[in-house]
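The lines below spell out each chain.
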Amino acid sequence: MLSAILHGKKTGTGFAGVRLKIGETQGAEDVLTASVFERIAYLPDEIFIQFIKNLICQDDNIKELAEIEFWTTWTLNHESRVEPDVVLKMNNGQTIIVEAKRYDFLQQQYRAQLANQIIAAYENDIINPIMLTVGGLNDYTAKTRQILQDGINVILEKTDLQLEYQLYSVSWQQIYLALEKAIQIHNGQYLQRMLSDIRQAYDWHGIRYQPYRWLEELTPQSIAHTQLPTIFKHKNSWTALQPVGLIHQHFPSFLGR
Amino acid sequence: MQKEEMNLVLQDVRKAYRLLADYQQRIIELLDFMKNELGAEHYYHYRPHNYDSRSIHKIYTDLNAGKNFLPMLDFHLLWHRTKNIPENEEWQNNLMQGDLVFHILIPDNQEDIHSELHIYVYQCVKYKRKNNWFADVWWQSEYPEFKKVGKFKDNTGKIEYNIYGEALDLSDLYNEAAVRKVLNAFRKRASKALNQEI
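If you read the protein sequences in the order shown, they are chains A and B.
Counted from 1, the first sequence has number 115 at position 115 by my numbering; the numbering is strictly sequential.
Just add 257 to wherever you are in the second sequence, counting from 1, and you've got my numbering.
Treat the hints with care, since some could be wrong.
As the list claims (entries may be wrong) - Within a straight-line C-alpha distance of at most 30 Å, the following computed DSS-like cross-link-like pairs (lysine-lysine) qualify:
# : chain 1 : residue 1 : chain 2 : residue 2
1 : A       : K143      : B       : K340
2 : B       : K340      : B       : K260
3 : B       : K292      : A       : K143
4 : A       : K181      : B       : K292
5 : B       : K292      : B       : K415
As the list claims (entries may be wrong) - Residues from chain B that face chain A, not an exhaustive set, calculated with beta carbons under 7 Å:
#  : residue
6  : V266
7  : D269
8  : R271
9  : K272
10 : Y274
11 : L277
12 : D279
13 : E294
14 : Y431
15 : N432
16 : A434
What the hints assert, rightly or not - What follows is a list of derived Cβ distance ranges for each label pair:
#  : chain 1 : residue 1 : chain 2 : residue 2 : range
17 : B       : I285      : A       : S222      : 40 to 48 Å
18 : A       : A66       : B       : N441      : 43 to 51 Å
19 : A       : Y110      : B       : N351      : 42 to 50 Å
20 : A       : N92       : B       : S448      : 51 to 59 Å
21 : B       : P364      : A       : N138      : 31 to 39 Å
Don't read these hints as lab results, they were simulated from the structure.
Every residue, glycine too, gets a C-beta built ideally from N, C-alpha and C.
Turn these sequences into a full structure, and let the hints guide you.
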């Protein structure tokens, strides 16, 4: 699916007749979410565990992935519905609910949407979920996450329910870096191909996957030669002929009569 | 020159290329970071000594051809921050008072031990497009003294800008926290000088 989209093979992908310019493609964030999390679902157990630990916490509670669902529909208060992007269920019953937004440094996460997903999770017998927001914030500092969490708590408190949850907010870039780090411990070429797919998906969405590289990491080269050898500096004298001011009186025989 | 020494020189050249590539990559990323911090968009990239496709035949006779191929030597970048750009319209057609253009220059001065990044803020007082912003303003205006506000008015009286600039020490811009600190201090001074939040 991803390769077909990236190479413009529209027929059969649901994109037929649609301009594949990412800024104008409706539902593009769903393609990004699927491209990344479908691949995460195929990770060997130990790498999945390491990836989640790299991403959110070193908690020993992180276990093997047992089940993954995309765009699950949950009822809320028996009337409306909510649809988290991805639900990851681990072997010990712990659940990660993923709400993904397309841009890394743009405010797109809504506290009401996240609060509703937590309430709906409890209504679907998921206790103390990990709420993981991906993308959609101006930055990923503890302060910004706390503001989002405070906003969610205000809404949850109105329900009079004691709903425990953990909130983690990461960027798409952090997802890639956590994945790359987890895969480093494994030599499998297939995992490198998987990373390459994800990089292509990020490129297509204009999302940066590598961290900024700063001047402080430049290393001196201790270059010894400050001048190139003469062979390179030698001028072709015939390209710069200068008039020498010869006149008839100086060299009459040379100039002729 | 002995073959052995020649090999050492050529190895140095290869090292220098790597260093240059590494340096340029980091400068590009630094500039991208600063542009995002300033909330600006790319407008123009200008290299004073480069060859374009019409003049590239000159490389065979130009003794400075090697130097002129260095892409980030004495180059200029322009970023604009325009408040109101109606859909499908060009920013230059909608400039109003307080819109900004940032001009970044990394000069190549061999004698100066400090490596600098020059940054100028062009503050729009009024602008009625004649040709394009580059030709209408940048090409005609002069750099003010650092930390002084200069004024540019064109002869039609329909274009007017205030310009404020500073030289930042490139070695102070070595990581994210350092860049933020230097840039925020610059913005504070520029805001005061131009009487507008930069």
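Hints breached by this structure | 2, 8, 10, 11, 13, 16, 17 and 19
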